[in-house]
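Undergrad: So the mapping is simple: our numbering equals the position in the sequence shown, first residue as 1, plus 22.
No lab work stands behind these hints: they were computed from the structure. Computed from a predicted structure; not experimentally measured. Where a beta carbon is used, it is the ideal one built from N, C-alpha and C, also for glycine. A hint or two may mislead.
Here are the simulated lysine to aspartate or glutamate pairs, EDC-like style, with alpha carbons at most 16 Å apart [unchecked claim]: (1) K112 with E126; (2) K124 with E92; (3) K25 with D36; (4) K94 with E126; (5) K87 with E126; (6) K25 with E138; (7) K87 with E40; (8) K87 with D101; (9) K124 with E109; (10) K24 with E40; (11) K112 with D101.
Pair by pair, the computed Cβ-Cβ distance ranges are [what the hints assert, rightly or not]: (12) E109 with R27: 29 to 37 Å; (13) A146 with G32: 38 to 46 Å; (14) T29 with S122: 17 to 25 Å; (15) G96 with E40: 16 to 24 Å.
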Amino acid sequence: MKKLRITVEGRAYDVTVEVLEEGRQSEPVFVPVASASVSAPVSGAKLGSAPAASAGDVLSPLSGKLVSIEVKLGQQVTDGQQVATIEAMKMNTYIYASRSGKVEAIAGQPGDAIQEGAIILRIA
């Protein structure tokens, strides 16, 4: 079994893929594990690290530079609302809230480096 992250229409999905035979091309079997966005540090986690994510975490789908955070601490957001922008290879990737709620924590600030899977912010 291999864990992979797939991004579809700006939303990241963590999936587990079963490898049937090494070296043989076959149809992969995708089993959704969790839906993710971009995340933020909570309880001492740092931007760029990849701590265990909770349901309200918005996760970075890729490594790059945090260009902007479009929300403020305590702000109400809706599912699908743009909450951040990450730049990688001179291209911007927009990050969207994976659920509605209140912004509980923000991991970093514009200009910070971020790793794939790191928490950008938390929605309660």
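Undergrad: Could you run down the list of hints and mark each one as holding or not?
TA: Hints, verified against the model:
{"no.": "1", "hint": "K112 with E126", "in the structure": "30 Å, violated"}
{"no.": "2", "hint": "K124 with E92", "in the structure": "13 Å, holds"}
{"no.": "3", "hint": "K25 with D36", "in the structure": "7 Å, holds"}
{"no.": "4", "hint": "K94 with E126", "in the structure": "9 Å, holds"}
{"no.": "5", "hint": "K87 with E126", "in the structure": "22 Å, violated"}
{"no.": "6", "hint": "K25 with E138", "in the structure": "13 Å, holds"}
{"no.": "7", "hint": "K87 with E40", "in the structure": "32 Å, violated"}
{"no.": "8", "hint": "K87 with D101", "in the structure": "24 Å, violated"}
{"no.": "9", "hint": "K124 with E109", "in the structure": "25 Å, violated"}
{"no.": "10", "hint": "K24 with E40", "in the structure": "6 Å, holds"}
{"no.": "11", "hint": "K112 with D101", "in the structure": "27 Å, violated"}
{"no.": "12", "hint": "E109 with R27: 29 to 37 Å", "in the structure": "18 Å, violated"}
{"no.": "13", "hint": "A146 with G32: 38 to 46 Å", "in the structure": "22 Å, violated"}
{"no.": "14", "hint": "T29 with S122: 17 to 25 Å", "in the structure": "21 Å, holds"}
{"no.": "15", "hint": "G96 with E40: 16 to 24 Å", "in the structure": "43 Å, violated"}
Violated hints, listed in ascending order, are 1, 5, 7, 8, 9, 11, 12, 13, 15; each of the other numbered hints is respected by the structure.
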